[in-house]
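Protein chains in written order, with the working numbering: chain A, 1 to 88; chain B, 1 to 561.
Since the hints were made in silico from the structure, they are not lab data.
Positions of the beta carbon are idealized from the N, C-alpha and C atoms, including for glycine.
Possibly wrong hints are sitting among the right ones.
Stated by the list, open to error - Covered by chain B, according to a simulated footprint, are these stretches of chain A (three or more residues, beta-carbon under 8 Å):
#, stretch
1, 11 to 17
2, 38 to 50
What the hints assert, rightly or not - From the derived model, a few chain A residues whose C-beta atoms are all more than 12 Å from chain B:
#, residue
3, PHE8
4, ALA53
5, LEU58
6, GLN61
7, VAL63
8, GLU66
9, HIS69
10, ARG73
11, LEU77
12, SER80
13, CYS88
What the hints assert, rightly or not - Across the chosen pairs, the derived CB separations fall in these ranges:
#, chain 1, residue 1, chain 2, residue 2, range
14, B, GLY425, A, ARG67, 26 to 34 Å
15, A, LEU58, B, PHE256, 36 to 44 Å
16, B, LEU216, A, ALA28, 54 to 62 Å
17, A, CYS88, B, ASP45, 16 to 24 Å
18, A, LEU40, B, LEU187, 35 to 43 Å
19, A, ARG67, B, ARG31, 36 to 44 Å
20, A, ASP16, B, PHE290, 41 to 49 Å
21, B, ASN53, A, LEU60, 34 to 42 Å
22, B, VAL207, A, GLN61, 33 to 41 Å
23, A, ALA28, B, ASP122, 50 to 58 Å
24, A, ARG74, B, ILE496, 41 to 49 Å
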Amino acid sequence: MTGNPGWFARLQELLDEFYAAPYRGALARARRDEDDLFMLFVFAELMGVPNPAAYYTLELQPVLLERFHDWHRRQGLDHSPLDGFRCC
Amino acid sequence: MNATFLAVVGLAMIYTGYRFYSKFIAEQIYRLDPDFQTPAHTMRDDVDYVPTNRVVLWGHHFTAVAGAAPIIGPGIAVIWGWLPAFLWVIVGTMFFAGVHDFGAVWASVRNKAKSVGSLTGDVVSPRARTLFMVVVFFLLMMVNAVFGVAISDAFQETPSSVIPAWTAVVVAIGIGILIYRMHVPILWPTVAGTVILYAVIYLGEAVPISLTPGALGLPVGAQWILLLFLYAGIASLLPVWLLLQPRDYINGIQLFVGLGLLYGAVLIANPTIVAPAINPNLPASAPPIFPLLFVTIACGAISGFHGLVGSGTTSKQLNKETDARFVGYLGSSGEGSLALVAIIAATAGFATLGDWEAMYSDFGNGGMAAFVQGGARIVTAGVGISNEFAATLLTVMAVLFAGTTMDAGVRLQRYIVQEWGSIYGIPILQNGYVATGAAVAACLLLAFGAGGPSGEGGMLIWPLFGTTNQLLAGLTLLIISVMLVKLGRPARYTLIPMIFITTMALAAALVQLLSLYREGGIFYPLLWIDVVIVLLAIFTMLEAGSAFMRERRAAEAAAGA
């Protein structure tokens with residue numbers, strides 16, 4: 001019985017990979033697009049766009065700080081669009 | 001002729017090609033380097049660029065390239081007899097498809113995993129890149145139209161397949177939700193989905209579905225074609241995880257099960273091939289074997305579509321450069337083995353020569369129908385399941401392959417239309433629904449334009465589809481050959497297949513041009529599509545000649561210096 005869990009786990013792993021690999025990129029891009037929209041919501045108020053949920057999204061800003069640079073580059077902005085929020 | 005003997009000889013030759021010829025190509029021509037850092041490592045992002053186990057990658061490549069086309073093409077081409085189809089599939093797989101697929105992966109890996117389209121611009125010329133994009137657009141339009149017609153024909157010939165084929169869509173959505181949303185371990189949805197898929201074949205047999213002739217004033221074939229494109233349009237707009245991904249997965253499983261079942265049944269039943277080696281009683285509608293054989297069987301011998309897969313996704317996931325031989329060459333060998341069993345089904349699955357000749361009374365007949373009818377008879381004799389069950393099973397398998405290609409094809413066409421909207425500043429074309437509508441409308445125009453109001457003659461597109469596919473293969477082989485010349489290595493192993501396949505594509509397009517003119521006159525839509533294909537073939541040859549002259553001059557200048 002000791003060999004079974006290893007064999008079973010290996011089979012699961014192979015099937016997982018067979019299922020996921022061809023579409024990994026497409027799904028990651030779709031997820032990134034959704035995340036980008038979420039970033040826009042979170043930083044909308046700072047860019048002068050009224051955001052009724054600003055009270056709640058404000059506390060998310062530090063959490064999303066690490067992703068800010070990649071995000072504004074993906075939006076076609078070479079430098080940070082926020083005056084008081086310079087990342088590069 | 002004994003079918004088992006043919007299967008064993010064919011598989012042995014394909015294996016010999018892999019064992020010896022691909023080894024020679026890998027060591028002497030492409031010179032694979034086990035220490036070369038592939039883009040999956042140098043550009044790793046865990047999104048597109050991920051080093052992947054070579055067996056898994058082979059599975060992807062094989063299931064992505066093997067679909068309905070290696071079943072339909074050989075199923076039509078045996079009208080000339082089993083021998084020419086057999087020889088072209090085997091020789092094509094060994095010396096054409098293998099080096100083409102393997103070479104596409106290698107060329108892409110050596111160029112930062114760029115797609116064949118990008119490489120055409122870099123290696124040959126920017127003009128050739130435009131040529132490439134036009135060929136791809138035509139290929140997509142034709143593959144969608146021809147598969148829509150093929151599925152419509154299959155539903156009419158095997159009404160018991162309607163419920164199982166549509167149930168597969170529901171099963172796929174269920175698997176997608178269970179895995180993506182509910183995070184259920186993959187094994188259980190796989191087992192449950194497969195069991196449901198095969199169990200529902202009994203339901204299909206009990207409740208065959210046939211549409212009412214004349215409903216909405218349309219013949220049955222036209223109703224099915226419209227329904228199928230309505231489905232493909234909707235499916236192409238759904239998230240990938242919900243339908244396309246699980247459908248592809250199911251198809252992969254079906255492919256392995258189907259191949260195992262068919263080859264197992266051939267070995268057990270040991271049927272006799274009733275079709276002649278060379279058909280002396282060709283119907284009047286049959287075009288000349290030379291050059292039409294080489295475009296009627298594209299997938300299964302050599303197919304340009306494989307280059308798109310090899311350079312699009314496979315090359316980004318290659319763990320070691322030496323894996324390119326296993327993944328690329330063996331992937332095309334897998335497709336060759338599917339084409340081989342399709343030939344056997346369409347020639348050994350009939351009781352008498354008279355039955356076979358009745359199936360092949362007209363060019364374009366056979367195809368999926370001959371594969372299903374013949375394959376079912378062999379499976380029944382070999383495994384003992386009922387003929388109706390086996391016919392439904394094989395129809396569902398072929399329909400699922402063709403249906404998934406339609407889903408993906410319409411989705412890709414939508415992207416192209418949206419891109420045109422963006423390039424030419426037409427905002428309405430950037431809308432997903434409008435772009436999908438435009439893509440579907442183009443395919444419907446082609447299906448009905450070729451097949452008449454009922455769509456029944458739509459299989460006339462098949463040789464044109466094959467011709468376009470071979471032009472694409474020619475362009476890919478051209479890229480590989482130019483790269484080899486630049487590296488100062490022998491290019492004849494890719495150059496000879498390139499010249500052969502492009503010449504055959506041009507000759508086939510010219511033969512069809514004459515036949516389409518005789519059939520429908522100057523206003524026949526297919527005639528004008530063929531004119532475009534002839535021009536594309538001529539431009540491909542001119543580009544090839546120009547690229548080689550340039551590289552030769554460069555080589556001479558370098559030698560002189």
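Hints, verified against the model:
Counting residues of the stretch 11 to 17 of chain A whose beta carbon lies closer than 8 Å to any beta carbon of chain B gives 6, which reaches the threshold of three, so the coverage claim holds. Check on the stretch 38 to 50 of chain A: 0 of its residues sit with their Cβ under 8 Å from a Cβ of chain B, so the three-residue criterion for coverage is violated. The non-interface label for PHE8 (chain A) is inconsistent with chain B: the shortest C-beta to C-beta separation is roughly 8 Å, within 12 Å. Its beta-carbon lying about 25 Å from the closest one in chain B, ALA53 (chain A) satisfies the requirement of being farther than 12 Å from that chain.
Taking the minimum C-beta to C-beta distance to chain B, about 30 Å, the non-interface status of LEU58 (chain A) holds against the 12 Å cut. The non-interface label for GLN61 (chain A) is consistent with chain B: the shortest C-beta to C-beta separation is roughly 25 Å, beyond 12 Å. At roughly 21 Å, the least C-beta separation between VAL63 (chain A) and chain B is larger than 12 Å, which holds for a residue marked as non-interface. Listed as outside the interface, GLU66 (chain A) is consistent with that label: its C-beta sits roughly 16 Å from the nearest C-beta of chain B, beyond the 12 Å cut-off.
Chain B leaves HIS69 (chain A) outside its interface by the beta-carbon criterion, the shortest separation being 16 Å against a cut-off of 12 Å. At roughly 15 Å, the least C-beta separation between ARG73 (chain A) and chain B is larger than 12 Å, which holds for a residue marked as non-interface. Every C-beta of chain B lies more than 12 Å from that of LEU77 (chain A), the closest at about 19 Å, which supports listing it as non-interface. Non-interface call for SER80 (chain A) relative to chain B: holds, since the shortest CB-CB distance, roughly 23 Å, exceeds 12 Å.
For CYS88 (chain A), the non-interface assignment is confirmed: its Cβ lies about 21 Å from the closest Cβ of chain B, beyond the 12 Å cut-off. Between GLY425 (chain B) and ARG67 (chain A) the C-beta distance comes to about 32 Å, which sits within the given range of 26 to 34 Å. In this structure the hint that LEU58 (chain A) and PHE256 (chain B) lie 36 to 44 Å apart at CB is violated, the actual value being about 53 Å. Evaluation of the 54 to 62 Å hint for LEU216 (chain B) and ALA28 (chain A) yields a failure: the beta carbon distance comes to about 43 Å.
At roughly 21 Å, the beta-carbon separation of CYS88 (chain A) and ASP45 (chain B) lies within the given 16 to 24 Å, and the hint holds. LEU40 (chain A) and LEU187 (chain B) have their C-beta atoms about 39 Å apart, which keeps the hinted 35 to 43 Å range intact. Separated by about 42 Å at the C-beta atoms, ARG67 (chain A) and ARG31 (chain B) satisfy the suggested range of 36 to 44 Å. Between ASP16 (chain A) and PHE290 (chain B) the beta carbon distance is about 48 Å. The supplied range of 41 to 49 Å therefore holds.
A beta carbon spacing of about 38 Å between ASN53 (chain B) and LEU60 (chain A) agrees with the range 34 to 42 Å that was offered as a hint. Between VAL207 (chain B) and GLN61 (chain A) the beta carbon distance is about 58 Å. The supplied range of 33 to 41 Å is therefore violated. Judged by the Cβ atoms, the range 50 to 58 Å given for ALA28 (chain A) and ASP122 (chain B) is violated: they are separated by roughly 26 Å. For ARG74 (chain A) and ILE496 (chain B), the hinted distance range of 41 to 49 Å is satisfied, since their beta carbons lie about 46 Å from each other.
Hint compliance for this structure: hints 2, 3, 15, 16, 22 and 23 are broken, all remaining hints hold.
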